[in-house]
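The primary structure of each chain is shown beneath.
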Amino acid sequence: MSRRIFVGVFEDEADVIAAADASRAQGFAIVDAFTPYAVHGLDRAMGLKPSWLPWACFGLGAAGLAFATWFQFWTTAVAWPINVGGRPWNSLPAFVPVMFELMVLCAGVGVVVTFVIARRLGPWRAPEIPDLRATHDRFVLVLDGGASDPRAVRRVFADCRAVAIEERDVEDRR
Amino acid sequence: MGTPAGAGDRMDPVMPKHDEKHYWKSLEERDGAIDPAALPEFLAVPSGADWRTTRRGFLVAAGFGLAGTALSSCSRAPVERAIPFLLQPEAVTPGRASFYASTCAGCSAGCGLIVKSRDGRPIKLEGNPDHPVSRGGLCAVGQASILGLYDSQRLDAPTREGRRTSWDEADRAILSSLAEIRQQRRPVRFLTSTITSPTTRATIDAFLASFADARHVTYDSLSASAVLDAHERTHGARLLPRYRFDRAEVIVGVDADFLGTWISPVEYTAGYRSGRTLGDALARMSFHAQIESRMSLTGAKADLRVVLAPAQYGLLMAHLADRVARLAGANSPFELLAAPPVAPALVDTLAERLWHAREKSLVVCGSNEVGLQVLCNAINHTLGAYGGTIDLDRPSFQQQGSDRQIEELLGDLSKGSVAALLVAGVNPVYELPGGEALAQHLKKVPLVISFSSHLDETSSLARFVCPDRHYLESWADAEPVAGALCVTQPVIGPIGGTRQLIESLAAWSGAPKPAYELLRESWMTRVYPRRLADQPFEAFWDRAVHDGFVEVAANAPAGRTFAAAAASVPAAAPAAAGTLALVLYPKVAMLDGRGALNPWLHELPDPITKTTWDNYACLSPAAASALHVAEGDIVRIEVGGGSGPSSAIELPACLQPGQHDGVVAVALGYGRMGTERFAKVGPRWLEARPTVGDDGRVGKNAAPLASLSDGALRYSGAPVRVVKTGRRRDLAVTQSHHYIAVPAHLAPAGGARRPIVQETTLPAYVKDPAAGSHGHHEAKEDLWPSDHSYPGRRWKMVIDLTACTGCSACVIACQVENNVPVVGRDEVRRHREMHWMRIDRYYADRADGGVDVIQQPMLCQHCENASCETVCPVLATVHSEEGLNQQVYNRCVGTRYCANNCPYKVRRFNWFDYPREDRLQHLVLNPDVVVRSRGVMEKCSMCVQRIQDAKVEAKRQGLPLSDGAVQTACQQSCPAKAITFGDANDPESRVARLLKDPRHFRVLEELNVKPSVGYLTLIRNRAEGEGGGATGHE
Amino acid sequence: MSEHAVSLRAPLITGDKSIAQVTDDVCAPMEGRPTALWWGAFIVAFAVMLLGVAAVSYQIATGIGTWGVNRTVGWAFDITNFVFWIGIGHAGTLISAILFLLRQRWRTSVNRAAEAMTIFAVICAAIFPLIHMGRPWFAYWVLPLPNTRGSLWVNFRSPLLWDVFAIGTYFTISVVFWYVGLLPDLATVRDRIKEGARRRIFAFFSLGWNGSYRTWHHYEAVYLLLAALGTALVVSVHSIVSMDFATSLVPGWHTTIFPPYFVAGAIFSGMAMVLTLMIIARKTMRLENYITIRHVEIMAKLVLTTGSIVGLAYATEFFIAAYSNNPYEQFVFINRAFGPFAWAYWIMVSCNVIAPQLFWFKRVRTNLAAVFVLSLFVNVGMWFERFVLIVTSLHRDYLPSSWADYAPTSVELATLAGSFGLFFTCFLLFCRFLPVIAISEVKAVVAHDRRTFGGGR
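First to last, the protein sequences are chains A, B and C. So the first sequence is numbered by the numbering used here: it starts at 1 and just counts up by one. So the second sequence is numbered by the numbering used here: it starts at 10001 and just counts up by one. So the third sequence is numbered by the numbering used here: it starts at 20001 and just counts up by one.
Quick caveat, the hints were computed from the structure, so don't treat them as lab data. Just so you know, even glycine gets a beta-carbon here, dropped at the ideal spot from N, CA and C. Any given hint could turn out to be false.
[Stated by the list, open to error] Stretch-level coverage of chain C by chain B, calculated; a stretch enters the list once three of its residues show a Cβ under 8 angstroms from a Cβ in chain B:
{"hint": "1", "region": "20156-20167"}
{"hint": "2", "region": "20244-20250"}
{"hint": "3", "region": "20334-20341"}
{"hint": "4", "region": "20393-20405"}
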């Protein structure tokens, strides 16, 4: 099914932040904003919760660390214990560097992969951009037009010095 | 068939112990670890579920099979060249070595051999421990002589005028010309080196007997002729006494390198060493003083070393004779003497020490001046050495050459009066001064027959060359010492169509016979009658062949008692200003050049200079700086007296501490024809430099600088001018820093001398057996729990530095045993020599201005906490449960981290592929040791293949592995028995006892790597504080 | 971020750029035709790289013997180059990660190029451990794979193996970090192009980025995490590399201060290399307004600081050796300064410790030519630091009998040159085909500056 959205295009980050604040004050549902760079303060304005990715990162790192610890112990002390320079079968201190590196590797690569999947990014994906200049020098705010009154929305956008305001019907993915 | 001590019957090829055939599927089964009966006859067929295949699986398999077949059918089928033993030779079990006793012909010393033969090819020579002369040792030259067998450049057929011919044709031609000479009654001369073989001597005599004017001329290119001549004067018989160093308590050597190159070094080293045994009940320590002008191996070992110009030996010995005579109460043989060339007190000390130990003291002189030798005999006579330390009743035949004879012969040849000259075992054109002249004269001789196995300077001029066989292909005998008859038996069929000398002679005497028969007959007639125990000839002969020797009655010309021949002081010609005295000397490896075709010997570092692949002009540092010559500068050595340019050579200089400032020393035996072959040695690459010199040969021949006049071949004393040419040639040295102390300007306070070697003096040792120790570091506690106990065997090695002379026999033994490649001059120059066993030679300056020399064999120390093992990323070097540090060649990727982290720097890396220069040499490879490829690390394995072999053998016999059953290659060959190897967990083993010896120490013990190789403190027989004790780093 | 702190200073980006201009300026070099200067540089770099390829092929075909190394000095140019390049590789992540965590906004102009430099340097570095092996075709044996005979894996006790993991991780994370930073800019470039192959390529790699703020929101978190991990890596990687030496038995290597000493040295050399490249880049790409004197000056200060730390480390080493009273240790250091390789030692000291002291003077720090020359000095000096460390320690260790000298062969020299060829070839291609400056981040800075200092609009 298709649904209606409001697209407001702004020239300055301050404006888009203001627009977002106003929209939330008016109780409009903010679909998303599109900006050429990470505008600071917009998250507060849009009322986004802090990202959960750090937890994913921590988990992955812990997993990597655990694996490295077990694997090194298993290969040197269990699977085929070999006397290397009279060192003990389980030379834990010597395993620390690899433990650390594998932890970092899993955490780092893992969190990026999670991010890409979570945000439905990926090669061959056609970008869904309300305004091509959103990656250049324009700031775009998209509101859900379902409930809200179009005139009210236009007024809010206009107050915030929007350079363009339009209503669109888009295919709903969600 | 001789066997090393305690090796049991395993070497017995003739009668295998168990008659019934025993087929085995695996080594374990062969060694009885598995009972074949206990095993199921067929492999269990996996049944049921395992066999079920899905259609999909089947298709996959079928597809793969198809593709596989297609692919494999694309490749060319390998060519099969596996030829089974169609006729299984008796005594050859594939994969098991057989051992035969024989006699070494590396030189005329006649040491006993045990030849290790695998699948019908001899691959290793070892000393025969029961042998009466060599007593188990074998020198570097002997060890290396096996390579001569696999030399593709040996003549494999007779040649006539340089063209290949058949034996029949050659015989016909030779017989006709001999017949002609015979009826014309023209002179025939047979020129050989010393021949210790009674059979060969008899055959030659028989051959010559048929000629009216025939003579057998013998000379040795390293002549000891003066010793024999002197005894002819003093004892009325021209013979070489047998020196018994084992009986000597005081030894004074004058210019005699008896531990290195003089007459019979292995025999002498064994004796010398048995006179210096410390630690156990029969503790003896002889005193050894050496008087010499250059630094010889023997001088390096001496307790007291006196540096003297060659011209002054006579005066010193005269003074010695004088003092000894006085002490003996006799009146001095001399009226008035010039002042001694050394401090009179020194002469007194020597004389008193000699006299005090009379009948147990010995003076040997290596000079070839009859006068000096007569003096020497006089001193020995006064000391009562004859009958004690000098044996005249069982004299030595190891040197019989007569310089007078060869001088006469050269005269005859120059006159052109000789009709036929037969040359065997010598290369006069190369070895004798005035070789060019001789070459001209040889052209005038109608019939020259050479028996040389190679085309050398002489044989290339001969009309006929009838190549003799390598001794490992021959039946022969030897009597190096009166009464000790040694047998040489062939251990391989002749490679190439050669013929033994005695066979040729027999053929030409009209009674052609195989050597075996000739030998047996001669033994029947000459040796058997001299038997000691009564037994049938067959038993006598078998015993002899089995043991490699037999003791019989000596029938030697007994020397009469001492006739006080006019002992005169040889005139010492004062050295002309601006000249140096030339000293020509034989190198341990090269001797007179008989080793010149052997790459192993060329690459063996000289025990003193540590230089390979060249000869050079040794100058004392003082002399060098006076000439403004640095190491490697090429100098021109011109013999004074305006003899032509022929007697001038150009050599790189080598700075030799401890050498007399007025002397330049040059090694003989280099620049031989045939060394051109070594142009092929060493890797080819962008910046590679050739192994041979500009003239295409290795080194320069110094023989032309010697002189042969009034009955003596003189090597030393000639005044020469040494001129700097301005050109350079870097020497290929394996050790570039020669002192145990670090360079003074870089030395940290107190840390100048490194505590690597423990040494002390005899008195200090007697007071405290642990004297000289750097404070024993008890094995420190490790940071980590020790998970590794060695419950089974624990292999350890102890090397006695007091016994070790540095002769380097072990280096070659290791090279042969472990297939160590030759890398060539340029690689050695780049510090890439491959020897697993090296001998570190350190100089230490003495307070009195002299230098002490320390010889320290260095090999993988098999550390318990090996620093090399922890750093290898791929586990290519790990520890065995018997304490060995193992190198896994096929796992090694060659990061060289292990070598960097080895404090002893004993690891060797294959920088290139190092192919054998002669394909035929592949036959000498030890099949039990992997040949390493490029890019892998290698090092001493403590002859792990020998350990395994001994274990298997013990298991096969169901006996425990006895102490000494495992001998490493280096240990086996050591003439001084300095190396002990064994199981430290066996409290009875010799090594376990030595580990408790207070002299025992480990190198770099403070690093706590816990080496398995230990050393015994070097003890010098000197007054306390006279050097030796100081270790620096207090 | 601390706004007032910044507001006291002059704007980072000069020329009063608007957000749109930023995109245009940065994309200009990619969209125009390459300059003659670029072509010249590229041809030279590529030729030198080919020389290196030839040298390495010859060495692999013939043997390590084609190098000057020997039984005593088992490592020389190979590991020297390895450590040198790894060191260079540190500045990138340092600038991107650490400075990001420290909220150093000036980094935005240089971090992209610095990260690229890191990646290329690590590539150069990684080559040497491979080719220094006697049997490089078995190099994969250092990876944790079981061998054919059963579970024989690798020796986790070996510092070389730690290296394998450290370098591998560092390289991977650097690439990921760099790529994540690149994502929005790839989208920007994509959206400037109407159609064609270039658009499809950029579309592919920009993963359908659309500037959605919800994505930006998570993106910020990811970037922060990567920065944190990267920071830890920068410290760990060179610490581990230093353990190749520190955990050994060789006097002169067995030095406990190595990890911090190496890290400082790495940042030092890295910064110098960044300066070298940036000064070239701003000239050749006309980026004067983005890489300003102020950037150069800040980096010069960093070089001065780290250089002084390195100098302190040199002194400490000597002191520890002298104080330890271990004759072998003492000798190695005396031998370093006055032995056969004294010349190398003094080159190192004068380039690394003495030369940077000129950065105390503002006139030097703000003089591009001077900074450029000094940065070259530091590069040379830091190469010699590793050479001195490796060769002088090895060539005269415990037993005087096995002391040996060392001299490089033509093959080694060609290989070293080749690694520089490779590095610059990669860097020039990067300048040509990717935005050398982090567009989106600079936009943030520009916007910030405009708010802080007002300006057109």
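Hints, one by one, checked against the model:
1. Remark: the region 20156-20167 of chain C is confirmed as covered by chain B, as 6 of its residues place a Cβ nearer than 8 angstroms to a Cβ of that chain, reaching the required three.
2. For the region 20244-20250 of chain C, the stated coverage by chain B is satisfied: 5 residues place a CB nearer than 8 angstroms to a CB of that chain, which reaches the threshold of 3.
3. A stretch counts as covered by a chain when three or more of its residues have a beta carbon under 8 angstroms from one of that chain; for the region 20334-20341 of chain C and chain B the count is 4, and the coverage holds.
4. Only when three residues or more bring their CB closer than 8 angstroms to a CB of chain B does the claim for the region 20393-20405 of chain C stand; here the count is 11, and the claim holds.
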